[in-house]
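Protein chains: 2
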Amino acid sequence: MTIDRRPARVHVDRRAERLQALVEGLTAAHLDGLVLTGLANIRYLTGFSGSSALLVVTARDVVLITDFRYQTQVVEEVGSIARVSIEASSLWTGLWQQLGAMANLKVLGFETAHVQHRDFQRLVEAGARWQWRPTTDLVETLRERKDEGEVHLILEAAGVATRALERTLPQVRSGMSELEVAGVLEKALRDEGSEGFPFPSIVASGPRSALPHARSSPRRIERGDFLLMDFGAEVAGYCSDVTRTVVVGQASTEQREVYDVVRVANERASRGVRAGMTGRDADAIARHYIDRAGFGELFGHSLGHGIGLEVHEAPRLARTADGALPEGAVVTIEPGIYRPGWGGVRIEDDVVLGAEGPHILTQFPRELLELG
Amino acid sequence: MTIDRRPARVHVDRRAERLQALVEGLTAAHLDGLVLTGLANIRYLTGFSGSSALLVVTARDVVLITDFRYQTQVVEEVGSIARVSIEASSLWTGLWQQLGAMANLKVLGFETAHVQHRDFQRLVEAGARWQWRPTTDLVETLRERKDEGEVHLILEAAGVATRALERTLPQVRSGMSELEVAGVLEKALRDEGSEGFPFPSIVASGPRSALPHARSSPRRIERGDFLLMDFGAEVAGYCSDVTRTVVVGQASTEQREVYDVVRVANERASRGVRAGMTGRDADAIARHYIDRAGFGELFGHSLGHGIGLEVHEAPRLARTADGALPEGAVVTIEPGIYRPGWGGVRIEDDVVLGAEGPHILTQFPRELLELG
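So the sequence lines, in the order shown, correspond to chains A and B. Numbering of the first sequence is given in my numbering, commencing with residue 1 and proceeding in unit increments. Numbering of the second sequence is given in my numbering, commencing with residue 373 and proceeding in unit increments.
Honestly, the hints are just simulated from the structure, not real lab data. Nothing false has been slipped in among the hints.
Here are a few chain B residues that sit away from chain A, every Cβ distance over 12 Å (derived from the structure):
| id | residue |
| --- | --- |
| 1 | Arg501 |
| 2 | Gly521 |
| 3 | Gly700 |
Okay, the calculated bits of chain A under chain B, using three or more residues with CB under 8 Å as the criterion:
| id | segment |
| --- | --- |
| 4 | 57 to 71 |
| 5 | 111 to 117 |
| 6 | 208 to 214 |
Just so it is clear, CB atoms sit at the ideal spot from N, CA and C, and this is done for glycine as well.
Next up, chain A with everything else stripped away, as it sits in the complex (with noise of 0.2 Å):
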């Protein structure tokens, strides 16, 4: 896959044949029709962004159902691709409704991911002329491999986040708290474009920088603390997400060494991740380099996770991972060193896996940058 760096604003609507892909997989398994209850899938089939709906695909039939909020928001969205219904009172009325209405239902499959045990017994009980199957990732298969126009996005999402941290670094001083950097932070995201912040950003500092969860908190940076930045963009629903971990002030030869063995992991496994290999296997690329350098009990989480529409999604890069990574697959790569009390580094890039080989979206510098 050659990257076509220049804006592109006209993508090919994919969402016909989106749909027949998942049409021929409700006929592999023997059913019906399928009602989608997960945001990110449905989006994917129909364009539709708002966060209310139900949808119902069958071989003959494409509804969506929503409420009154999203009337004028819907059908600009949808467009032709589904028939949408507006309900007044509850999405579970409406889609009693539209399934009452399709000749030849029986068997109905609904995403066992994304059904919480209460509306599962709606179905089973307002539901049940109908037989229930549950389905698993029968969409998130198809969203693994992102298309041109899916990649574009990501892309468009990565120079956000990048520009963005090229505006925030030299704003940075010691004395600043992590809420504050943050506040910077999201500020430029939101100067370059970014229509929201996928996940909470981290920004963490000193031995904060040693938790691999750690949010944002009011303690404030002092020199020579590790600075960690976690954080994502958002263009068109498809998200970014990088890290890079600076030093405010100068760097100790400890934070030097440390540093250096995750960005050769990092830069190992941006080269070495191939499409076809498992997850495991690519997990590996950096685990052993990290290893070797005597520092593979501080590498507790995994190598990185697929991103699209969501920010963590198929496929998985870890030990336990023993699926082979499709090509078209955008992924984070996300070696990290966490040493408890003393701080940690991670570095992050996300990759799409072309036909021929790794491709970088995330354009930042890799060397350790000391700030102020």
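Start from chain A and add chain B according to the hints.
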């Protein structure tokens, strides 16, 4: 309830009382224990703020199961209120081990609103040696009545939000995009100490202010536009939720007329809402006023909702809400009028329902502001 507006850093630890109240609820429901999966419920009972946890509560035991990423944090947050188990692989594997080690457990509850069907299948398959009963709102009901410490935290979060708005309004100009305004507002929220954004900020201008569920877009603000800002802050996990609508430039007579109807509806409901009243009657205070002014068709959503550890929680203030509002609840009061294609106004405050009447936590002018 008298609202002490001074900062209160030391709050009485109510976790043991909350757990005791839950255990009484379990006994009344003939359950030997409850497996909790709702993260806000787990935080309420134990103080744990991480994103991965299961909690088991019985008359004898309180066991929190989380993963290695939270090893340091969980000990600080939970203290001695629960026994903590750190799981290397799956929280569910840890659950079977913990339950297996407890005597006299036969009938266990699970949270029907917080268990995906996929995980429900785990309960009835891997957890087949126990009988599983769906439960609804056992902890949510406790959470409806805020104690003084909780009201204080929401008051602090309300102060963060209103001070951020004070900082933001002088910086707003026509020609700025909604995303840029969101950036200024969110930076101010961070500078005032917000731990995060309880929901995606809405900055909607001109005709977009008529979309009750807009987010923020690249649209540039024009002179004469309504500018609607709906946003919140988070302090120690507790949320605030505020909306103000201003005019950029000079307001037209029509804008002023619509605005004043919403302002009076807000003021009447904020002053008139009472503990003991049904959610429907509270909703009706604002709705009848807007109806009589001739705009009833354009107020399409409900008046408000509870806020606390979640930005939408019980109770509801809506036409379909039959339940009595409990004393100590903190609720939003957010009437609106939305004229498609023209614009909309919403004015939202957070109000605690004290024994002697309502107290408004969000101190910010409600008069129509004309900027620039």
